[in-house]
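Asker: In case you want the letters, here they are:
2 protein chains.
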Amino acid sequence: MKNRTVGIVGAGQLGRMMALAGTPLGLEFVFLDPNDDAPGAHLGELVKGPFDNLDALQELANKVDVVTFDVENVPASALRKIAQHTPVWPSADALNTAQDRLNEKSLFTQLGIPTPKYIAASSLQELHSAASQCGFPCVVKARRLGYDGRGQRFLHSPEDIEDAWDSLNSDSLIVEEFVNFDCEVSLVVARNQNGDVARYPLALNTHKNGILHICEAPYYDDKLSQLAKEHADKLLNHFNYAGVLTIEFFVAHGQLLVNEIAPRVHNSGHWSIEGAHTSQFENHLRAILNWPLGDTSPRGHSTMVNFLGGMPAVETCFSVQGMHYHCYGKSNRPSRKVGHGTIVAESREQCDIVLEHFNSLYQPEL
Amino acid sequence: MKNRTVGIVGAGQLGRMMALAGTPLGLEFVFLDPNDDAPGAHLGELVKGPFDNLDALQELANKVDVVTFDVENVPASALRKIAQHTPVWPSADALNTAQDRLNEKSLFTQLGIPTPKYIAASSLQELHSAASQCGFPCVVKARRLGYDGRGQRFLHSPEDIEDAWDSLNSDSLIVEEFVNFDCEVSLVVARNQNGDVARYPLALNTHKNGILHICEAPYYDDKLSQLAKEHADKLLNHFNYAGVLTIEFFVAHGQLLVNEIAPRVHNSGHWSIEGAHTSQFENHLRAILNWPLGDTSPRGHSTMVNFLGGMPAVETCFSVQGMHYHCYGKSNRPSRKVGHGTIVAESREQCDIVLEHFNSLYQPEL
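Heads up: the protein sequence lines correspond to chains A and B, in order.
Each residue of the first sequence is one higher than the one before, counting from 11 in the working numbering.
Each residue of the second sequence is one higher than the one before, counting from 11 in the working numbering.
Chain A on its own, in the form it takes in the complex:
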């Protein structure tokens, strides 16, 4: 087996889990990260530097066979430059689109993928106009750099607009129709340069305070799965995509409305480590190396729960039979994702029993 070296921009928990999945494949890893003690930094070589520094990105690229990223705040222009001599997957184009909610929504419109009504706003006046066109309640979001509910505000009525304008402090906003959805689901899908595609089953996501709290898979709904597949295919083909792509949907009135995409492995795919025959991390690596993709079919039912602020105590972790623990090696900080646990069982009901046992022992921060 030829040894390949993968460069990862960002040594966060996603980079860490990629390295843990890729090491058994014989891969070696080089990370670019400003922090020595980033979660994945000790699992490979570290190029210490900021994500937006072209020299540091070049240094990373020169050491590896392929570059990928575990963070989205990498300048697409810099990735385009390094892609001239080292393959970068997913492509800078895909990242560039995902980095800006307006670009993202415009692409959905262009490809005929249903998405909530949206209107851009770059001034307080435009914000007023956009909100009244979308109707109340609606949501105003910064076009760039939002995640886990940050950079967005609900607008219940016109009176909320000025506060939102002041607190978001950006002239690059998008107002979106509020969707009274039944639930949120996501699709994690991998594609390689040969055009092979491997789709995970839909996962059902439950958020708390704007942050993913619980993710359950598989979420069986034949009609929605087929719709999700069609939407995903359009996006994958548009970008001639390689790597894992995650698409988050609202489910409303039996239809899917795409909320956003992430051109990377995703929190809503963590269940696949134990809950699928091949994890999203392994498939992402196989995809960017243009290797055949692995079996994405589920192994029973999985329920993943995020740990925010701090990990449960060791005694809690290991006294609950049936939960797999993933500690990211991060220091504690309010609302910070520091780890997750995954229960895998024969059925959703059995997962719920383990989760209830766990919840009886653990009082999470949120």
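In case anyone wonders, no lab produced these hints; they're calculated from the structure.
There could be a bad hint or two in this list.
If several chains are the same, the list does not tell them apart, and a pair holds so long as it fits within one copy or across any two.
[To be verified] In silico SDA-like links for lysine to any residue, alpha-carbon gap of 20 Å or less: (1) Lys347 - Leu365; (2) Lys340 - Asn13; (3) Lys233 - Pro308; (4) Lys347 - Trp175; (5) Lys340 - Arg14; (6) Lys340 - Glu55; (7) Lys340 - Glu38; (8) Lys347 - Pro374; (9) Lys347 - Asn13; (10) Lys244 - Ala102; (11) Lys233 - Arg90; (12) Lys244 - Asp103; (13) Lys233 - Glu194.
Quick caveat, the model's predicted, so the values are computed rather than measured.
Dock chain B against chain A, hints included.
Answerer: Below, chain B alone, put in the same frame as chain A:
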């Protein structure tokens, strides 16, 4: 979750797989190994030095909360010394017994665990006498440092004795009755200091040229499983054992005869990475940290195949659906274990179909 640091004597594939299993538990690793490029060396800090150097072992011990080993050729006396200030599990006593086939067999006899007839020999004359008492064919083995069929010779008749004596070149030998066994099985079992015990199902081992080739689990036989449990309990209690213990048995006439024990994670437990709810590597770490042990029940049927000399080509590895690949990052060398693959499916028959497909694409060295 408190961060703990585990010291591992030896950064071979077993240490590598321990680190891969322990990182998600929030553990950090320090290895002692003479080689910078040992399979696990890059997954933690490396103390560079020989396994038998007390200063190097002390340096390792001073950096960690608990010491374990992935090699057996560590002087038990040195481990006893470092155990005075840092816990060492499994204990030096268990290692000391396993290091010497005569000590091992004597313990089996002492505990009433059936084992093939054996007689020690320390001279050519004693070898003649021992062989004639055991009867032909029989097997002569070096008491120490044998593995994967090395350090042993078959004696078909008295004419073979002198050659064996010359080639083994040791005055510390043991002659063992040849057992015309039906099959070989092994039991991997974990115990922590609280006395909690977690047993994997029996695995069926097929060797080729003295080296484990294929391991299938679970091997269901209620009577043998019960016998194996009883034998294991005696050994675990004798040593007040902590960690994973592996016991290899011959199956003959519906009975178990213990062949040897390994006070460590074992090749015949690798299937548990994908094939059990908790891998032997995770359970070994939980056991030596005195944490509650994880569920050892199987997830379907597993068939593991060792790769010797070199890994299959990337194209072969990833074109076979249903095989999980583990490359140890070792350079190629004849007969060297450089990796393994594990098939997990609903049944043994389904595993066989995948293995046949794989075998049609891959011509192994042996």
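Asker: Next step is simple, just say for each hint if it's right about the structure.
Answerer: Evaluation of the provided hints:
no., hint, verdict
1, Lys347 - Leu365, "within (19 Å within a copy, 40 Å between copies)"
2, Lys340 - Asn13, "between (29 Å within a copy, 10 Å between copies)"
3, Lys233 - Pro308, "within (18 Å within a copy, 34 Å between copies)"
4, Lys347 - Trp175, "neither (28 Å within a copy, 63 Å between copies)"
5, Lys340 - Arg14, "between (28 Å within a copy, 14 Å between copies)"
6, Lys340 - Glu55, "both (19 Å within a copy, 18 Å between copies)"
7, Lys340 - Glu38, "between (22 Å within a copy, 12 Å between copies)"
8, Lys347 - Pro374, "within (12 Å within a copy, 45 Å between copies)"
9, Lys347 - Asn13, "between (32 Å within a copy, 17 Å between copies)"
10, Lys244 - Ala102, "within (18 Å within a copy, 61 Å between copies)"
11, Lys233 - Arg90, "neither (38 Å within a copy, 64 Å between copies)"
12, Lys244 - Asp103, "within (15 Å within a copy, 63 Å between copies)"
13, Lys233 - Glu194, "within (15 Å within a copy, 50 Å between copies)"
Checked against the numbered hints above, the structure breaks hints 4, 11 and satisfies the rest.
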